[in-house]
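Chains as they are written, first to last, in our numbering: chain A, 34 to 172; chain B, 69 to 456.
In short, the hints are calculated from the structure, not lab data. Possibly wrong hints are sitting among the right ones.
[Claimed, not checked] Non-contacting residues of chain B with respect to chain A, defined by C-beta distances greater than 12 Å in every case (computed):
(1) R104
(2) D133
(3) R219
(4) I222
(5) S234
(6) H236
(7) A439
[Unchecked claim] The calculated DSS-like cross-link candidates involving lysine-lysine, where the alpha carbons are at most 30 Å apart (straight line), are:
(8) K174(B) x K286(B)
(9) K435(B) x K276(B)
(10) K99(A) x K174(B)
(11) K174(B) x K144(B)
(12) K286(B) x K276(B)
(13) K142(A) x K174(B)
(14) K192(B) x K99(A)
(15) K113(A) x K99(A)
(16) K220(B) x K144(B)
(17) K174(B) x K192(B)
(18) K192(B) x K142(A)
(19) K113(A) x K124(B)
(20) K79(A) x K99(A)
(21) K286(B) x K435(B)
(22) K174(B) x K113(A)
(23) K192(B) x K79(A)
(24) K267(B) x K286(B)
(25) K174(B) x K124(B)
(26) K79(A) x K124(B)
(27) K142(A) x K286(B)
(28) K113(A) x K142(A)
(29) K144(B) x K276(B)
(30) K124(B) x K99(A)
(31) K144(B) x K79(A)
(32) K79(A) x K220(B)
(33) K79(A) x K174(B)
(34) K142(A) x K99(A)
(35) K99(A) x K144(B)
(36) K142(A) x K144(B)
(37) K444(B) x K286(B)
[Said to hold, decoys possible] Here chain A is said to cover these stretches of chain B; the calculated rule only asks that three of the stretch's residues, wherever they fall, bring their Cβ under 8 Å from a Cβ of chain A:
(38) 112–118
(39) 142–155
(40) 240–250
Ideal placement from N, C-alpha and C gives every residue a C-beta, glycine not left out.
Each chain, letter by letter, is given below.
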Amino acid sequence: MNPNHNPQSSDGGRHDDDAALTEFLASLMDYTPTIPDELVEHYLAKSGFQSPDIRLTRLVAVATQKFVAEVAGDALQHCKARQATIPKDKRDRQQKDKRLVLTMEDLTKALHDYGVNVRHQEYFADSPSTGMDPATRDE
Amino acid sequence: MGFTYPTDGNPNQHHFPDGGGGGGVRERASSDDFGRAVSRVAVAQICETAGFNGVKNSAIEALSDVAIRYLIDLGKIAEFYANLAGRSQCSVFDLILGLEDLEQVKGFIGSGQSQCLLGSGTLKDLMRFVNCADEVPFAQPIPNFPVIRHRKVIPSFSQMGEAPPSKHIPPWLPALPDPHTYIHTPVWGERTCDPREDKIEQARQRRKAERSLLSLQKRLLLSSGSVETRNTTSNVVVPSGGGASLRQGEGEGGDKNPYLKAPVDNKDVSPVPLPGKLSDDVDMIANHVSVLEAFGPAIEMMRSSGVLCEDDGMEGRAVLPAVRPTVYFKFRAGKKLIRESLDMRNQKKDASRTAALAGREDERDDKKRRAELILKQSMENPQELTLL
Numbered sequence: 034m035n036p037n038h039n040p041q042s043s044d045g046g047r048h049d050d051d052a053a054l055t056e057f058l059a060s061l062m063d064y065t066p067t068i069p070d071e072l073v074e075h076y077l078a079k080s081g082f083q084s085p086d087i088r089l090t091r092l093v094a095v096a097t098q099k100f101v102a103e104v105a106g107d108a109l110q111h112c113k114a115r116q117a118t119i120p121k122d123k124r125d126r127q128q129k130d131k132r133l134v135l136t137m138e139d140l141t142k143a144l145h146d147y148g149v150n151v152r153h154q155e156y157f158a159d160s161p162s163t164g165m166d167p168a169t170r171d172e
Numbered sequence: 069m070g071f072t073y074p075t076d077g078n079p080n081q082h083h084f085p086d087g088g089g090g091g092g093v094r095e096r097a098s099s100d101d102f103g104r105a106v107s108r109v110a111v112a113q114i115c116e117t118a119g120f121n122g123v124k125n126s127a128i129e130a131l132s133d134v135a136i137r138y139l140i141d142l143g144k145i146a147e148f149y150a151n152l153a154g155r156s157q158c159s160v161f162d163l164i165l166g167l168e169d170l171e172q173v174k175g176f177i178g179s180g181q182s183q184c185l186l187g188s189g190t191l192k193d194l195m196r197f198v199n200c201a202d203e204v205p206f207a208q209p210i211p212n213f214p215v216i217r218h219r220k221v222i223p224s225f226s227q228m229g230e231a232p233p234s235k236h237i238p239p240w241l242p243a244l245p246d247p248h249t250y251i252h253t254p255v256w257g258e259r260t261c262d263p264r265e266d267k268i269e270q271a272r273q274r275r276k277a278e279r280s281l282l283s284l285q286k287r288l289l290l291s292s293g294s295v296e297t298r299n300t301t302s303n304v305v306v307p308s309g310g311g312a313s314l315r316q317g318e319g320e321g322g323d324k325n326p327y328l329k330a331p332v333d334n335k336d337v338s339p340v341p342l343p344g345k346l347s348d349d350v351d352m353i354a355n356h357v358s359v360l361e362a363f364g365p366a367i368e369m370m371r372s373s374g375v376l377c378e379d380d381g382m383e384g385r386a387v388l389p390a391v392r393p394t395v396y397f398k399f400r401a402g403k404k405l406i407r408e409s410l411d412m413r414n415q416k417k418d419a420s421r422t423a424a425l426a427g428r429e430d431e432r433d434d435k436k437r438r439a440e441l442i443l444k445q446s447m448e449n450p451q452e453l454t455l456l
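Build the full structure now, drawing on both the sequences and the hints.
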C-alpha cells in the first residue's frame, strides 16, 4: 500500500467517506434488519461486546443478515444448477421447479466457500450389518 | 475461519439408530434454546427472501447455528480489537476491522485493507446491501431476553437496622433469623387441649344442627301433607291440567281426612306436588326432588329415638299455615302475627293468579317461598331458635 497519498484528495475522500458512514449509520435506524435486535444484543453480550450505541448492534445485525443472505443465495444457485442437470422430461422438471428446498447438500457446498465445513450424516442404520449382503451377514 | 462443523452439533439431541421408532426421546432444554429458536425463524425468513420455497429441518438448524456463531465471532473480534487499542468499549472501526477479518475467507472486496477504514470495501459492500435489499422485519415481537429473575434476598444487618451479635460478623452480611423462629418460649394462659372433649363438643354441635334441619323439613312435609289432604275433599276448581291428574291420583290413594273441611273462602289454591310415594303420576314429579324420600329415613330414625319429642313444648307449631292464616299457639307480639298472615295471604294471591299459566313451576316456587319465609322468621327471632 502506498503510504504517501496525495493529502488533498485523501482528505476530501475521507470527508466523503466520513459523511457516507454517518449517513449510513443514520439510515440503519430506518432499516429494520430481519435478525431482531434483542437476539443480537444477547449474543454480543455473551461474547463481551460492549457498546451503548444501538447503531452498532444494528450494524452487526445487518452484517449477519448479509452473510446469511449470501450463503442462502449460493445455496439457491446450487439447487437450481442441480435441477437443470437432471435428465428428466419437461413436465417433471417444471413440477420440481416450483419447489426450491434448501437441503443439506446445497448448504454444505455453499458454506464450504465461506470456510465453514459442514459434515452431515447421510443416514442412520439399525445395526452395523444393515443393508449388507445376506450371505455375508450370516458369517 | 475454517472449521469443521458437525451438524448434530446440539449435544443434547439423540438420533435413534433404530430407524426413528421408539417414540423419540425428549431433549433436555438448554438455556440457549430461546435464542436458537429465534435465530431459526430469522434465518428461515432470510432464506425465504433469497428465493427458497422451503427448507429442510437439518439444513435450517445448521444455518441458524452458523449465523449465531457468526454473531458471536464478530463480537469477539471487535472486542479484541478494542482491547488491543486499549479501550473497553467498541467503536465502529473495531466492527469494520472485525468484518474485514471475517471476509478474508472469501477474498478481499475492493482493494483489501485500505489506509483509512472508512474506505474499506467491506463497508461499501454492506452499504450497498442495505440500500438494495428489501426490508423484511422479524415476524414477531420478541421480549428482552434473557429475563432476569429478581430473587428475594435476605436483607443485611445494616438494612435491617440491627447490629451483628458479635464483632467478627460484618454488617453487610445477611441478617440472622429472628429468635422466635428457633427459640421455644412458654405460652401463658393456654387452653388445655383435650382432643376427646373437643370431638364430643363438635359432635354435639353437629347433632344440634341436624336436628333443627330435620325438624324444619318435617314441618314442611306436614304442611304440604295437610294441603294435599285438604285438596282431596275440597270442591276447589284446580286450574291447571296437571293439577287435575294429580287430584285424580291422590283421590285413589289418599285417605279423606274427616277433620279437614273445605275452606270457607273459596280461594284458588295452587296444588302442591305430591311426593313420589303417594302419586301415581310419575311424569309430574319426574324432576322434583322428593323431600319425603330424602329425609324419610332420617326423620323415622329420629322419631324412634325420641329426639324430635324434645320440641313438645310448642304444640301447634307443627302445622304451618298453608291455605289461610291459622292461630299460632305461640306467645308472640300481635303485630308480628298480623304481618306474617298478610305476607302469606299476599303470596297465596300471587300464586293463584299465575297458577293458570304454569302449574308446576309455581308450586315449587311457592314451596320455596314458604321455606324462605320460615328461615327468615327464625333469623329475625333469634331467641326462638333454641326451641327448634
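Comparing the hints with the structure gives:
1. R104: violated, 10 Å
2. D133: Since the minimum Cβ distance to chain A is about 10 Å, D133(B) lies within 12 Å and the statement is violated.
3. R219: holds, 20 Å
4. I222: Per Cβ check, I222(B) is outside 12 Å of chain A; nearest 29 Å; holds.
5. S234: holds, 42 Å
6. H236: With a cut-off of 12 Å, H236(B) remains clear of chain A, as the shortest Cβ separation is near 39 Å.
7. A439: holds, 64 Å
8. K174(B) x K286(B): violated, 98 Å
9. K435(B) x K276(B): Judged against 30 Å, a Cα distance of about 25 Å means the pair holds.
10. K99(A) x K174(B): holds, 14 Å
11. K174(B) x K144(B): holds, 20 Å
12. K286(B) x K276(B): Holds: K286(B) and K276(B) sit about 15 Å apart, inside 30 Å.
13. K142(A) x K174(B): This hinted pair holds, its Cα atoms lying about 14 Å apart.
14. K192(B) x K99(A): holds, 13 Å
15. K113(A) x K99(A): holds, 21 Å
16. K220(B) x K144(B): violated, 34 Å
17. K174(B) x K192(B): Holds: K174(B) and K192(B) sit about 16 Å apart, inside 30 Å.
18. K192(B) x K142(A): holds, 27 Å
19. K113(A) x K124(B): holds, 16 Å
20. K79(A) x K99(A): Distance ~21 Å between K79(A) and K99(A) Cα, so the pair holds.
21. K286(B) x K435(B): holds, 14 Å
22. K174(B) x K113(A): Given pair K174(B), K113(A) holds - Cα atoms ~22 Å apart, limit 30 Å.
23. K192(B) x K79(A): holds, 28 Å
24. K267(B) x K286(B): With Cα atoms ~28 Å apart, K267(B) and K286(B) stay inside 30 Å; holds.
25. K174(B) x K124(B): Holds, because 26 Å separates the two Cα atoms, which is no more than 30 Å.
26. K79(A) x K124(B): With a Cα-Cα distance of about 29 Å, the restraint between K79(A) and K124(B) holds, given a limit of 30 Å.
27. K142(A) x K286(B): At roughly 92 Å apart (the allowed maximum being 30 Å), K286(B) and K142(A) break the hint.
28. K113(A) x K142(A): holds, 13 Å
29. K144(B) x K276(B): violated, 81 Å
30. K124(B) x K99(A): holds, 21 Å
31. K144(B) x K79(A): Holds. K144(B) to K79(A) sits at ~9 Å (cutoff 30 Å).
32. K79(A) x K220(B): holds, 26 Å
33. K79(A) x K174(B): holds, 26 Å
34. K142(A) x K99(A): This hinted pair holds, its Cα atoms lying about 18 Å apart.
35. K99(A) x K144(B): The given pair, whose Cα atoms are some 19 Å apart, holds under the 30 Å limit.
36. K142(A) x K144(B): holds, 27 Å
37. K444(B) x K286(B): holds, 17 Å
38. 112–118: holds (count 5)
39. 142–155: Since 5 is at least three, the answer is holds.
40. 240–250: Coverage by chain A is violated here, the residue count being 0 at a Cβ distance below 8 Å.
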